[in-house]
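The task is simple: from the sequences and hints, build the whole structure.
2 protein chains.
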Amino acid sequence: MTIKVHAALFAPNAARVLACLHEKELNYEFVPVNMISRVPEHKQEPFISLNPFGLVPAFEDGDLKLFESRAINQYIASAYADKGTQLIFDDPKKMAIVGVWMEVEARQYDPPASWLTRELYIKPLLGKVTNKAVVKEQEAQLAKVLDVYESRLAQSKYLCGDTFTLADLNHLPLLDHLMKTRVKAVFDNHPRVSAWAVDILARPAWKKVVAVRSNL
Amino acid sequence: MTIKVHAALFAPNAARVLACLHEKELNYEFVPVNMISRVPEHKQEPFISLNPFGLVPAFEDGDLKLFESRAINQYIASAYADKGTQLIFDDPKKMAIVGVWMEVEARQYDPPASWLTRELYIKPLLGKVTNKAVVKEQEAQLAKVLDVYESRLAQSKYLCGDTFTLADLNHLPLLDHLMKTRVKAVFDNHPRVSAWAVDILARPAWKKVVAVRSNL
Chain P
31 MTIKVHAALF
41 APNAARVLAC
51 LHEKELNYEF
61 VPVNMISRVP
71 EHKQEPFISL
81 NPFGLVPAFE
91 DGDLKLFESR
101 AINQYIASAY
111 ADKGTQLIFD
121 DPKKMAIVGV
131 WMEVEARQYD
141 PPASWLTREL
151 YIKPLLGKVT
161 NKAVVKEQEA
171 QLAKVLDVYE
181 SRLAQSKYLC
191 GDTFTLADLN
201 HLPLLDHLMK
211 TRVKAVFDNH
221 PRVSAWAVDI
231 LARPAWKKVV
241 AVRSNL
Chain E
31 MTIKVHAALF
41 APNAARVLAC
51 LHEKELNYEF
61 VPVNMISRVP
71 EHKQEPFISL
81 NPFGLVPAFE
91 DGDLKLFESR
101 AINQYIASAY
111 ADKGTQLIFD
121 DPKKMAIVGV
131 WMEVEARQYD
141 PPASWLTREL
151 YIKPLLGKVT
161 NKAVVKEQEA
171 QLAKVLDVYE
181 SRLAQSKYLC
191 GDTFTLADLN
201 HLPLLDHLMK
211 TRVKAVFDNH
221 PRVSAWAVDI
231 LARPAWKKVV
241 AVRSNL
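One line per chain: the protein sequences are P and E, in this order.
Note that the working numbering has the first sequence beginning at 31, numbered continuously upward.
Note that the working numbering has the second sequence beginning at 31, numbered continuously upward.
Do not take every clue at face value.
Note: identical chains are not told apart, hence a pair may lie in one copy or across any two.
[To be verified] Dumping the calculated DSSO-like pairs for lysine-lysine here, alpha-carbon to alpha-carbon at most 30 Å:
| no. | residue 1 | residue 2 |
| --- | --- | --- |
| 1 | Lys34 | Lys166 |
| 2 | Lys237 | Lys113 |
| 3 | Lys166 | Lys73 |
| 4 | Lys95 | Lys174 |
| 5 | Lys187 | Lys95 |
| 6 | Lys237 | Lys158 |
| 7 | Lys153 | Lys113 |
| 8 | Lys123 | Lys166 |
| 9 | Lys124 | Lys153 |
| 10 | Lys162 | Lys187 |
| 11 | Lys158 | Lys113 |
| 12 | Lys124 | Lys158 |
| 13 | Lys123 | Lys162 |
| 14 | Lys123 | Lys113 |
| 15 | Lys153 | Lys174 |
| 16 | Lys73 | Lys123 |
| 17 | Lys73 | Lys214 |
| 18 | Lys73 | Lys187 |
| 19 | Lys113 | Lys73 |
| 20 | Lys34 | Lys174 |
| 21 | Lys124 | Lys73 |
| 22 | Lys73 | Lys174 |
| 23 | Lys124 | Lys113 |
| 24 | Lys95 | Lys162 |
| 25 | Lys153 | Lys166 |
| 26 | Lys34 | Lys113 |
| 27 | Lys166 | Lys124 |
| 28 | Lys34 | Lys237 |
| 29 | Lys210 | Lys237 |
| 30 | Lys174 | Lys158 |
Read the hints as simulated data drawn from the structure, not as lab findings.
Listed below in structure tokens is the structure:
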């Protein structure tokens with residue numbers, strides 16, 4: 031069976047899936063999607079047969095077709111449980127904690143982190159003007175979220191205990207971008223969160239994703 | 031072990047967890063949280079020891095403490111797999127499809143459904159003025175999402191195949207509210223989605239949640 035990831039390499043949601051594939055030491059084919067042409071490829075067939083919402087990434091594993099990066103990652107972690115890094119748990123109680131912190135990433139961390147990435151990383155790359163009011167508001171929101179993370183990481187090295195899990199992994203793409211912006215100062219105000227960020231960004235699997243992406 | 035749900039009965043995210051508990055035929059203790067007092071209980075101790083983000087519901091099963099309604103539901107469905115309605119699958123490929131549509135509910139359906147519930151259901155209850163521009167924008171957004179659901183439900187009776195799963199269940203609280211507003215017309219424009227909504231809202235477990243809630 032061939033695993034295929036359809037996306038543009040610069041898309042954070044694609045990097046999330048690639049990080050998981052590299053942690054699991056799985057081979058995959060990257061199928062580039064031109065998201066910036068006049069009629070972007072992800073908004074038309076054949077892509078929308080893979081994801082009817084027209085969002086990257088889309089994913090294939092043999093005849094299985096998936097979309098939504100976090101659902102794809104949960105599938106990879108579960109279907110290839112015996113390969114590479116163990117990212118989830120069989121025990122329902124241990125897995126429940128991973129489930130909670132995956133939801134926290136998606137619902138608490140991702141919204142301010144996405145706004146800040148857009149304003150401070152993507153807009154400058156495209157020569158567009160950053161909205162300072164949005165930055166101020168979203169930095170304050172992110173700081174509140176990281177206050178909770180700081181307390182959490184006083185209890186254990188990673189979000190769900192003493193080992194790296196899918197809940198940590200899902201943070202990587204936006205974390206990498208944000209640490210290259212002024213938002214790093216917000217992290218620096220949270221020493222345990224900063225140490226966690228440095229630790230997970232240094233993982234060999236993530237470095238491979240960064241290397242793949244730098245060949246853009 | 032005693033299952034406890036800490037929330038206010040009117041909170042949609044609490045109803046999502048109650049729907050799951052009733053489908054699984056599990057007993058639980060409902061611990062009311064006064065969310066509308068001058069200093070709301072969910073923003074202070076002891077509640078924030080259960081959920082540091084200060085959001086309902088919080089959940090206990092013996093010594094396990096969880097928050098985030100969708101993570102709680104996945105735990106219930108997994109830990110009590112042999113009770114009541116089967117809501118998830120062991121097979122990773124079948125479960126992956128449930129994972130995709132749970133993400134679709136959380137990321138595509140929930141945002142416009144939450145806005146519309148606030149503007150058209152909650153604000154009138156509180157005697158506040160509905161923002162018509164927000165309603166127009168979010169109805170258009172919801173219609174686009176339901177276009178995809180309409181195609182999906184041409185393939186199978188429920189979102190993930192021929193049986194009701196956690197992906198369908200997670201829609202219930204906001205669906206119930208929206209069908210009592212003008213947004214019902216948006217559903218009526220999508221006949222398969224309408225039939226699905228009528229079907230899942232008629233489930234005995236959901237009717238029990240509505241009955242519990244009507245005792246407010």
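Consistency of the hints with the structure:
1. Lys34 to Lys166: neither (39 Å within a copy, 39 Å between copies)
2. Lys237 to Lys113: Classified as within; 19 Å inside a copy, 44 Å across copies.
3. Lys166 to Lys73: between (32 Å within a copy, 23 Å between copies)
4. Lys95 to Lys174: between (37 Å within a copy, 21 Å between copies)
5. Lys187 to Lys95: between (35 Å within a copy, 19 Å between copies)
6. Lys237 to Lys158: within (28 Å within a copy, 52 Å between copies)
7. Lys153 to Lys113: neither (38 Å within a copy, 51 Å between copies)
8. Lys123 to Lys166: neither (38 Å within a copy, 43 Å between copies)
9. Lys124 to Lys153: Result: close neither inside a copy nor across copies, 40 Å intra and 39 Å inter.
10. Lys162 to Lys187: neither (34 Å within a copy, 48 Å between copies)
11. Lys158 to Lys113: neither (43 Å within a copy, 55 Å between copies)
12. Lys124 to Lys158: neither (44 Å within a copy, 43 Å between copies)
13. Lys123 to Lys162: Intra 43 Å, inter 44 Å, cutoff 30 Å: neither.
14. Lys123 to Lys113: Result: close both inside a copy and across copies, 22 Å intra and 17 Å inter.
15. Lys153 to Lys174: both (24 Å within a copy, 27 Å between copies)
16. Lys73 to Lys123: between (40 Å within a copy, 26 Å between copies)
17. Lys73 to Lys214: between (34 Å within a copy, 28 Å between copies)
18. Lys73 to Lys187: between (41 Å within a copy, 27 Å between copies)
19. Lys113 to Lys73: neither (34 Å within a copy, 42 Å between copies)
20. Lys34 to Lys174: between (37 Å within a copy, 27 Å between copies)
21. Lys124 to Lys73: between (39 Å within a copy, 26 Å between copies)
22. Lys73 to Lys174: between (36 Å within a copy, 13 Å between copies)
23. Lys124 to Lys113: Both: 19 Å inside a copy, 20 Å across copies.
24. Lys95 to Lys162: Answer is neither: 40 Å inside a copy and 39 Å across each miss the 30 Å cutoff.
25. Lys153 to Lys166: Cα proximity of Lys153 and Lys166: in one copy and across copies (16 Å, 29 Å).
26. Lys34 to Lys113: within (18 Å within a copy, 37 Å between copies)
27. Lys166 to Lys124: neither (37 Å within a copy, 43 Å between copies)
28. Lys34 to Lys237: within (20 Å within a copy, 43 Å between copies)
29. Lys210 to Lys237: within (15 Å within a copy, 51 Å between copies)
30. Lys174 to Lys158: Both: 28 Å inside a copy, 29 Å across copies.
Consistency note: the structure conflicts with the earlier hints numbered 1, 7, 8, 9, 10, 11, 12, 13, 19, 24 and 27.
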